[in-house]
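*Asks:* Residue-level listing of the chains:
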Amino acid sequence: MSVPRSRMLDLMKAQCQVFATTYNPDGLRLGNKVLRQRLRGPALASYYPRKVATVKMMNQMFGMKVPKGTEENEETGSSDRSLATWDDAEEDRTTYVEELKARGKGNPKKKKEAVVKTKGFGKKKK
Amino acid sequence: MSHWRKKTLDIGCFVGSRTVRDHTKRLVFEQHEAERQALRYVIRNTSLPARARAEAQLQLQQMSNYTRPTQIRNRCTIGGHTRGVFRDFKMSRFNFRMQAMAGVLPGVKRASW
Amino acid sequence: MPFSLTRRAALHEVSLVARQRAYPDCSRQPMLALAGSRRSKASLSGEADRKPNLSTQATSEPESPRHPRSVQALHLKPLKREAEHGIPSCDLQLRSYSLQPLDFFCDFALRAAYYLGLPAYGPVPLPRITQRWTVPRSHFIFKKSQENFERITLRRLIQIKDGNPETVQLWLAYLRKHQYYGIGMKANMWEFSELGGQSVTKQNTRQYETDINAAWPHLGQVKPLESALEADKVLNHRLSSEASGPR
Numbered sequence: 001m002s003v004p005r006s007r008m009l010d011l012m013k014a015q016c017q018v019f020a021t022t023y024n025p026d027g028l029r030l031g032n033k034v035l036r037q038r039l040r041g042p043a044l045a046s047y048y049p050r051k052v053a054t055v056k057m058m059n060q061m062f063g064m065k066v067p068k069g070t071e072e073n074e075e076t077g078s079s080d081r082s083l084a085t086w087d088d089a090e091e092d093r094t095t096y097v098e099e100l101k102a103r104g105k106g107n108p109k110k111k112k113e114a115v116v117k118t119k120g121f122g123k124k125k126k
Numbered sequence: 001m002s003h004w005r006k007k008t009l010d011i012g013c014f015v016g017s018r019t020v021r022d023h024t025k026r027l028v029f030e031q032h033e034a035e036r037q038a039l040r041y042v043i044r045n046t047s048l049p050a051r052a053r054a055e056a057q058l059q060l061q062q063m064s065n066y067t068r069p070t071q072i073r074n075r076c077t078i079g080g081h082t083r084g085v086f087r088d089f090k091m092s093r094f095n096f097r098m099q100a101m102a103g104v105l106p107g108v109k110r111a112s113w
Numbered sequence: 001m002p003f004s005l006t007r008r009a010a011l012h013e014v015s016l017v018a019r020q021r022a023y024p025d026c027s028r029q030p031m032l033a034l035a036g037s038r039r040s041k042a043s044l045s046g047e048a049d050r051k052p053n054l055s056t057q058a059t060s061e062p063e064s065p066r067h068p069r070s071v072q073a074l075h076l077k078p079l080k081r082e083a084e085h086g087i088p089s090c091d092l093q094l095r096s097y098s099l100q101p102l103d104f105f106c107d108f109a110l111r112a113a114y115y116l117g118l119p120a121y122g123p124v125p126l127p128r129i130t131q132r133w134t135v136p137r138s139h140f141i142f143k144k145s146q147e148n149f150e151r152i153t154l155r156r157l158i159q160i161k162d163g164n165p166e167t168v169q170l171w172l173a174y175l176r177k178h179q180y181y182g183i184g185m186k187a188n189m190w191e192f193s194e195l196g197g198q199s200v201t202k203q204n205t206r207q208y209e210t211d212i213n214a215a216w217p218h219l220g221q222v223k224p225l226e227s228a229l230e231a232d233k234v235l236n237h238r239l240s241s242e243a244s245g246p247r
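Residue numbers (the UniProt record's numbering), protein chains in the order written: chain G, 1 to 126; chain A, 1 to 113; chain W, 1 to 247.
These aren't lab readings, by the way, just hints derived from the structure by calculation. One should not assume that every hint holds.
Distance windows between CB atoms, simulated [stated by the list, open to error]: (1) A:Pro106 with W:Val71: 30 to 36 Å; (2) W:Ser240 with A:Pro106: 28 to 34 Å; (3) G:Ala53 with W:Met189: 52 to 58 Å; (4) W:Ile141 with A:Met101: 18 to 24 Å; (5) G:Lys109 with A:Asn65: 48 to 54 Å; (6) G:Leu39 with W:Met189: 22 to 28 Å; (7) G:Leu11 with W:Asn204: 31 to 37 Å; (8) A:Met63 with G:Asp26: 31 to 37 Å; (9) A:Met63 with W:Leu225: 52 to 58 Å; (10) W:Gly86 with G:Leu28: 35 to 41 Å; (11) W:Asn148 with A:Met63: 31 to 37 Å; (12) A:Gln59 with G:Leu28: 19 to 25 Å; (13) G:Arg7 with W:Asn213: 21 to 27 Å.
Calculated cross-link-like contacts (lysine-lysine; reagent style BS3-like; alpha-carbon spacing at most 27 Å) [to be verified]: (14) W:Lys186 with A:Lys109; (15) W:Lys143 with A:Lys90; (16) G:Lys56 with A:Lys90; (17) G:Lys51 with A:Lys6; (18) W:Lys144 with A:Lys109; (19) W:Lys161 with A:Lys90; (20) A:Lys90 with G:Lys51; (21) A:Lys90 with W:Lys233; (22) G:Lys13 with G:Lys33; (23) A:Lys109 with W:Lys143; (24) G:Lys56 with A:Lys6; (25) W:Lys161 with W:Lys77; (26) W:Lys177 with W:Lys161; (27) W:Lys233 with W:Lys177.
Using N, Cα and C, we set each Cβ at its ideal position, and we do this for glycine too.
Model the full structure from these sequences, guided by the hints.
*Replies:* So, in structure tokens, the structure goes:
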């Protein structure tokens, strides 16, 4: 004794109402799965960490030296408005470069004329 | 493509031309994601007229490649390398090892069992 | 006289106070889960705890006044309340990479639950999560020499049974306010409501408005400073100077 289709459809309708799902008895492709997908734009866009304040930035902005003869230092007599602090990374890098130069291992001199390699022997200077 | 790129640099980690490009693609995708999803829905909806679906298909195809999510690739934030990048740390495998040995990564230690 | 014999005895006769157990080794230490041992269900109070806490030195008078009970309780294991029906109200999961802050914060959460009147069960240790990565030691080729790294996440579960939803929310907010470093928390809450869901009616909205307006003055941790005197008081207060740290 088989169940009539209308009864099955009524059951499906009731189920969909209870569980808040879409009622699609014929199984048509309506593209609802695209609507169900969650948007992942914000998650992808926040992959790279944003710029933060660095010591280098602070030194650049606030570590200026005021030239003599301006209004500010006529009273106080100081020529320095620097709020710069020590930059460990920059100091390390500078000492390393100086060490290399002392040893004679620094960067070679930059050539003024561009050198073009020819197919044959030797190099042609442009 | 340069009209998508921001005038001031956004990123604080490793900066390279390719990293900037990838970052720009991510931002552009975020802006256009809703539009893309709508077009994809129209294309896949068989109950809509065929003409509308074809138009949506054409429109989606003509969108800039910067709007496509498949063009986005996870890069290493320290070296900018694309190969061997772990999602948990956003770092390539060698940089991950260097940082782990330095003790910078919380909870990560040498395993032995 | 607050420390008279008769008054003490009367207290102990009338109410059976669950005896708070001390930590083993006398010094206050967290319970360490032994490797390989099976943990029984979170113990609440056994037969031994239902006996009255009669002091053997009842005859001698104390020399100096004692600390408040809540301070004395700090040196002992946290007290727990019993749930009448046993229906879970809230599941709080705490995760950390290290054991000490996790155990400490679990302790803190249990004590807070006791003082709020919430029956808390736990901390139940959930299985550890181990993530492993095998990475070549070199930055280029040499795949045959690799190194293993791992990250172990320890977990604890504290369950509140038969908790009033508002009180549970208060407890969770309190824990969030006093967050501890290196610990992540997530909580699931269950509460009973009427069938058919709550419909938005004028009466409902008015009730919500009054509730929200009542809570507005208590929002935010800092009271607005109306005068310079008040600002001076706050700045010179012992707590603010202690909070800023030693100089």
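*Asks:* Regarding the pair G:Lys13 and G:Lys33, is the alpha-carbon distance no greater than 27 Å?
*Replies:* Roughly 19 Å separates the two Cα atoms, so the pair holds.
*Asks:* Against the range 28 to 34 Å, how does the distance between the Cβ atoms of W:Ser240 and A:Pro106 compare: consistent or not?
*Replies:* The hinted range 28 to 34 Å holds for W:Ser240 and A:Pro106, with Cβ atoms some 31 Å apart.
*Asks:* Compare the distance between the alpha carbons of W:Lys161 and A:Lys90 with 27 Å, and conclude whether the hinted pair is satisfied.
*Replies:* Since the Cα atoms of W:Lys161 and A:Lys90 sit roughly 40 Å apart, the hinted pair is violated (cutoff 27 Å).
*Asks:* Could you see if the CB distance from G:Lys109 to A:Asn65 stays within 48 to 54 Å?
*Replies:* 43 Å, violated
*Asks:* Between the alpha carbons of G:Lys56 and A:Lys90, is the straight-line distance 27 Å or under?
*Replies:* 25 Å, holds
*Asks:* Regarding the pair G:Lys51 and A:Lys6, is the alpha-carbon distance no greater than 27 Å?
*Replies:* Status holds; Cα separation ~14 Å.
*Asks:* Falls inside 30 to 36 Å, the C-beta gap from A:Pro106 to W:Val71?
*Replies:* The hinted range 30 to 36 Å holds for A:Pro106 and W:Val71, with Cβ atoms some 34 Å apart.
*Asks:* Would the hint linking W:Lys233 and W:Lys177 be met if the CA-CA limit is 27 Å?
*Replies:* 24 Å, holds
*Asks:* Below or equal to 27 Å on CA atoms is what counts here, so check W:Lys144 against A:Lys109.
*Replies:* Given pair W:Lys144, A:Lys109 holds - Cα atoms ~21 Å apart, limit 27 Å.
*Asks:* G:Leu11 and W:Asn204, beta-carbon distance inside 31 to 37 Å?
*Replies:* 34 Å, holds
*Asks:* Look at the Cβ atoms of G:Leu39 and W:Met189 and judge whether their distance stays inside 22 to 28 Å.
*Replies:* Since the Cβ atoms of G:Leu39 and W:Met189 sit about 27 Å apart, the hinted range of 22 to 28 Å holds.
*Asks:* Are A:Met63 and W:Leu225 spaced within 52 to 58 Å by their CB atoms?
*Replies:* Taking Cβ atoms as reference, A:Met63 and W:Leu225 lie about 55 Å apart, which means the hint holds.
The structure is inconsistent with the numbered hints 3, 5, 10, 11, 13, 19, 21, although it conforms to all the rest.
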